[in-house]
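Chains as they are written, first to last, in numbering that gives the first Met the number 0: chain Y, 0 to 229; chain F, 0 to 229; chain E, 0 to 229; chain S, 0 to 229.
Worth flagging that the hints you see were computed from the coordinates, not collected in a lab.
Among these hints, one or two may not hold up.
Same chains, same names: a pair is fine if it fits in one copy or spans any two.
[Claimed, not checked] The calculated lysine-lysine pairs, modelled on BS3-like cross-linking and capped at a C-alpha distance of 27 Å, are:
| # | residue 1 | residue 2 |
| --- | --- | --- |
| 1 | Lys120 | Lys223 |
| 2 | Lys223 | Lys126 |
| 3 | Lys41 | Lys196 |
| 4 | Lys126 | Lys114 |
| 5 | Lys41 | Lys76 |
| 6 | Lys76 | Lys223 |
| 7 | Lys74 | Lys5 |
| 8 | Lys74 | Lys223 |
| 9 | Lys1 | Lys76 |
Number of protein chains: 4
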Amino acid sequence: MKALRKIIIESDSRQGRIFDIFIQVLIVISLITFSVDTLPNKTESTTRLLRTIEIITVSIFTIEYLFRVVLSERKLKFVFSFFGLVDLLSILPFYLSVGLDLRSLRALRLLRLFKLFRYSKTIRRMKVALSIARQELVLFFSLTCILLYLSAVGIYYFENAAQPESFSSIFSSLWWAVATLTTVGYGDIYPITVGGKIFTFAILMVGLGIVAIPAGIIASAVEKARDMEG
Amino acid sequence: MKALRKIIIESDSRQGRIFDIFIQVLIVISLITFSVDTLPNKTESTTRLLRTIEIITVSIFTIEYLFRVVLSERKLKFVFSFFGLVDLLSILPFYLSVGLDLRSLRALRLLRLFKLFRYSKTIRRMKVALSIARQELVLFFSLTCILLYLSAVGIYYFENAAQPESFSSIFSSLWWAVATLTTVGYGDIYPITVGGKIFTFAILMVGLGIVAIPAGIIASAVEKARDMEG
Amino acid sequence: MKALRKIIIESDSRQGRIFDIFIQVLIVISLITFSVDTLPNKTESTTRLLRTIEIITVSIFTIEYLFRVVLSERKLKFVFSFFGLVDLLSILPFYLSVGLDLRSLRALRLLRLFKLFRYSKTIRRMKVALSIARQELVLFFSLTCILLYLSAVGIYYFENAAQPESFSSIFSSLWWAVATLTTVGYGDIYPITVGGKIFTFAILMVGLGIVAIPAGIIASAVEKARDMEG
Amino acid sequence: MKALRKIIIESDSRQGRIFDIFIQVLIVISLITFSVDTLPNKTESTTRLLRTIEIITVSIFTIEYLFRVVLSERKLKFVFSFFGLVDLLSILPFYLSVGLDLRSLRALRLLRLFKLFRYSKTIRRMKVALSIARQELVLFFSLTCILLYLSAVGIYYFENAAQPESFSSIFSSLWWAVATLTTVGYGDIYPITVGGKIFTFAILMVGLGIVAIPAGIIASAVEKARDMEG
């Protein structure tokens with residue numbers, strides 16, 4: 000019992016690490032299987048192979064999950080923890096054959112890698128940094144949303160008459176605002192009137208700041224969190 | 000009188016908070032109504048429903064506005080304050096039935112949310128950060144404008160002969176400069192000559208810095224403002 | 000003589016400021032004239048008006064330039080200074096009627112605005128920041144160039160066979176590398192093979208850092224320069 | 000022997016610097032030759048000229064390489080060092096006439112420029128900065144990969160039915176995720192459904208931070224490394 004806990008839950012011993020790496024490799028295999036599964040025009044033998052791999056990996060994940068629950072000292076706490084829920088949700092659909100496929104959630108299980116490679120200090124630092132910058136992030140996210148809305152309304156007035164197809168409503172204009180202020184700029188929708196172009200320039204000058212500042216604030220909060228450690 | 004002021008103007012009491020949240024929800028509803036109103040091909044019943052919601056929300060906003068004026072200790076100061084003007088401008092067009100629709104300004108009323116959730120410290124910090132970085136921001140904004148102009152002139156000389164439609168004048172070239180230096184890159188206009196491409200590379204190397212630095216400067220000014228508090 | 004110098008060269012007195020602002024307004028007018036001049040399909044009267052404005056502004060700029068030279072204590076030093084050369088180059092082509100139009104250089108004359116609004120401290124800080132970060136900037140610019148070249152070669156091998164038109168040589172691939180690593184992404188040229196897409200992902204992961212870091216380094220050098228002042 | 004080492008390996012003496020600059024110029028020439036070589040429709044005389052330049056430069060590089068090996072005090076260490084391998088790999092294919100052309104690796108030889116211009120301090124600082132930020136970089140790179148995968152799966156569910164050609168599988172969706180989260184936005188593939196657009200907005204709000212933070216972290220680590228020096 001104690002030996003099993005050492006292997007499955009903890010990762011300090013050699014066997015524990017090997018077990019963890021084995022599970023992580025299985026997760027990656029199962030994610031690739033899932034992705035290949037979405038390819039159109041698969042041959043029947045490929046489909047069969049994918050199905051087999053899926054059955055094997057899910058079986059192992061299920062056994063692992065049950066062991067994790069049984070071996071936990073506080074079972075309920077594990078079941079409702081982040082990793083407990085992710086572990087469950089990424090195998091449950093297989094048994095329930097529900098419409099919604101949650102296999103991609105297995106990607107989140109890869110986050111255990113950080114525990115494996117002893118990143119606990121770095122992760123704690125990130126949490127400190129996030130808590131330092133929390134209020135600024137909420138503020139800038141709200142400002143971004145308000146700015147996106149006002150940009151959408153503005154461009155709608157400038158472009159709707161000239162391009163009734165592209166800027167058909169404030170909702171399509173919102174899509175333009177998102178693609179423009181994040182500087183993605185797909186090019187599926189853009190202003191053609193002089194007024195709309197000048198408005199875009201003005202919005203970008205204000206918006207680039209508002210959208211780009213959070214990353215800078217987090218970066219300096221990480222720095223501060225590092226200073227607080229030493 | 001005092002009790003009403005507590006509810007409508009202040010937001011410390013329980014009733015005050017409930018009132019504020021009620022108004023904020025109304026604002027969001029009215030913004031959605033406004034957006035839906037721009038959708039083409041609405042049925043008549045939808046139009047009627049939107050109109051009804053608009054009448055109800057504007058009525059409530061009007062009563063709220065009048066109360067805010069009456070309950071203010073310094074009435075004129077409130078009327079000409081930022082929120083006083085925004086409150087007025089976002090209901091006035093309804094009564095004047097003017098051409099210009101200012102309903103979208105209600106989005107700015109959402110900024111009161113920050114007061115509600117006691118973000119006054121964060122907002123004060125932002126103001127300090129902006130005042131620290133003010134001169135740099137003006138400097139970089141001016142440099143950006145000059146760089147945009149010179150980029151537009153430069154690309155005009157390189158591309159006008161090859162693409163007389165896209166780069167028809169310095170004004171169209173300015174639009175290219177805005178879309179390129181902000182890295183939005185819609186793809187509606189781009190250089191095709193070798194000279195124009197090399198020029199774009201040179202401009203981007205200088206310009207990425209000039210456009211991206213302000214965000215970094217604000218981020219570190221926020222950091223400094225935080226340090227000044229403690 | 001002394002009074003004239005106070006007005007034209009210095010900008011401390013009231014008359015000096017008025018003169019400076021007058022010249023700056025003239026520069027902006029002349030830049031707009033220049034831009035309008037590039038518009039196709041102008042009427043004859045417009046062309047005549049533009050020509051008249053050009054003659055007036057150039058005359059004033061010439062008189063101003065001559066005064067600046069005459070009133071300078073060290074004449075040669077002014078003539079070969081940055082502003083001295085910009086002043087000369089932006090009026091000379093008018094008299095020589097050379098092919099190359101340098102009127103756009105007048106935009107650089109707008110930089111005198113910073114002197115007018117007493118930004119000398121901010122500009123000095125920028126110079127300190129640039130000198131702090133100089134070596135890093137040279138390093139990252141070199142790394143960017145090498146990375147652009149290697150990206151171009153890489154994508155050429157992946158895409159040339161599939162898209163011989165778009166990726167016709169390393170030179171066209173270089174254009175792709177510039178547009179991609181700066182995240183402009185016009186969409187005129189992009190990989191379509193699986194190998195090319197994976198290569199793009201790898202290059203972007205490395206490249207985003209190398210291209211984006213200089214802006215961050217300058218921002219923190221500005222911060223350091225500010226600290227050194229106080 | 001000692002004199003030769005001074006010239007070829009060290010770059011403190013005047014002759015050493017001249018030799019180094021001579022080699023660097025040759026590398027640039029050979030890189031240009033290599034690029035021109037990929038141009039389609041070359042005349043026969045051009046091809047011959049390129050071939051001649053290639054033979055001359057490779058001969059000089061080979062002699063240089065042999066001298067570097069012979070003159071090194073610890074020969075094996077040089078051969079297996081970064082520059083030793085780059086030097087070898089960028090001439091070897093010429094003699095083996097293998098399919099894979101590694102001439103572009105010569106670009107990496109340009110890194111010796113930094114030694115030439117005594118950038119050793121700056122490079123050491125960069126190494127310190129990278130070692131400070133290493134764990135954060137690994138963390139954010141992993142988060143980026145997981146986020147890219149989840150974005151690809153999400154957009155696949157939203158868009159596959161509407162655009163079975165563009166979002167044909169999770170692999171094509173991954174390409175969309177890369178182009179979008181890096182804000183390159185070529186415009187070859189983008190969401191058209193309302194759900195897909197809202198999902199893109201959500202992903203971008205989270206993703207811009209995760210992708211942009213590493214550059215900020217490196218920038219502040221450079222700052223810290225600078226502080227540690229003084």
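Since the copies are identical, ignore which copy is meant and state whether lysine 1 and lysine 76 lie within 27 Å (CA to CA) inside a copy, between copies, both or neither. within (19 Å within a copy, 49 Å between copies)
Same-copy or cross-copy closeness of lysine 74 to lysine 5 [CA-CA at most 27 Å]: within (16 Å within a copy, 49 Å between copies)
For lysine 74 and lysine 223, with the copy left unspecified, which applies at a CA distance of at most 27 Å: within, between, both, or neither? neither (37 Å within a copy, 44 Å between copies)
Between copies, within a copy, both or neither: which fits lysine 126 and lysine 114 at Cα up to 27 Å? The answer is both: 15 Å in one copy and 26 Å across copies each meet 27 Å.
At most 27 Å between alpha carbons: which applies to lysine 41 and lysine 76, within, between, both or neither? Neither. Shortest intra-copy (42 Å) and inter-copy (51 Å) distances fail the 27 Å Cα cut-off.
At most 27 Å between alpha carbons: which applies to lysine 223 and lysine 126, within, between, both or neither? both (12 Å within a copy, 21 Å between copies)
Identical-chain pair category, lysine 41 with lysine 196, by Cα at 27 Å: This pair counts as between: shortest inter-copy Cα distance 22 Å, intra-copy 47 Å.
My question is about lysine 76 and lysine 223: at a cut-off of 27 Å on alpha-carbon distance, are they close within one copy, between copies, both, or neither? So lysine 76 and lysine 223 fail the 27 Å test inside a copy (32 Å) and across (41 Å) alike.
Have a look at lysine 120 and lysine 223 and pick one of within, between, both or neither, based on CA distance no larger than 27 Å. Classified as both: same-chain Cα gap 14 Å, cross-chain 19 Å, threshold 27 Å.
Violation of the numbered hints given earlier is confined to hints 5, 6, 8; the remaining hints are satisfied by the structure.
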